[in-house]
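Hey, can you work out the whole structure from these sequences and the hints?
For the sequence shown, this note's numbering assigns the number 1 to the initial residue and increments by one for each residue that follows.
Simulated from the structure, these hints should not be mistaken for lab results.
Just so it is clear, CB atoms sit at the ideal spot from N, CA and C, and this is done for glycine as well.
Certain hints may be false.
[Stated by the list, open to error] Ranges between beta-carbon positions, derived for each pair:
1. Ser63 / Arg27: 42 to 48 angstroms
2. Arg55 / Pro122: 23 to 29 angstroms
3. Leu17 / Gln53: 48 to 54 angstroms
4. Asn128 / Glu102: 16 to 22 angstroms
5. Ala92 / Phe8: 46 to 52 angstroms
6. Arg27 / Lys87: 33 to 39 angstroms
7. Arg59 / Asn128: 34 to 40 angstroms
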Amino acid sequence: MSRGFTLFELLIVFAILSLLAGVVAPRFLERHSGAHAQAARAQIELLEKALDQYRMDARHYPSSEQGLAALHTAPAGATPWRGPYLKRALPADPWGRPYGYERPGSDGREYRVYSLGADGLPGGSGDNADLVSR
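This is the structure in structure tokens:
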């Protein structure tokens with residue numbers, strides 16, 4: 001006749017599994033969050049290339065009011081506009097929020113494309129750090 005596990009044995013197994021989860025989960029989450037930042041940087045780079053193509057046609061970057069939507073849909077009165085400059089609709093950042101765009105950029109550059117990171121707030125560090133165009 002087979003005997004079942006005792007309560008003590010089950011508690012030991014549960015404790016070992018909890019300990020393993022406590023060690024593995026933070027490393028997995030750390031890699032996962034790093035992937036979000038890497039994806040955001042790649043998308044910002046894609047948006048920069050599309051902005052450069054827009055500028056080659058229009059001889060200027062879209063205004064802050066026109067925003068990044070000008071890369072997919074012709075803004076009112078925009079001539080010449082040879083877009084769309086993006087194959088698909090404007091992507092959201094990896095955290096599901098729209099990318100920010102300002103022209104001129106607050107950092108003195110011609111424009112600024114940015115994601116506010118995981119927390120969606122300006123500033124921050126680590127996962128919450130802002131990701132900004134060149």
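So, going through the hints one by one against the coordinates:
no.	hint	result
1	Ser63 / Arg27: 42 to 48 angstroms	holds (44 angstroms)
2	Arg55 / Pro122: 23 to 29 angstroms	holds (26 angstroms)
3	Leu17 / Gln53: 48 to 54 angstroms	holds (53 angstroms)
4	Asn128 / Glu102: 16 to 22 angstroms	holds (20 angstroms)
5	Ala92 / Phe8: 46 to 52 angstroms	holds (50 angstroms)
6	Arg27 / Lys87: 33 to 39 angstroms	holds (35 angstroms)
7	Arg59 / Asn128: 34 to 40 angstroms	holds (37 angstroms)
The structure fails none of the hints (numbered hints given earlier).
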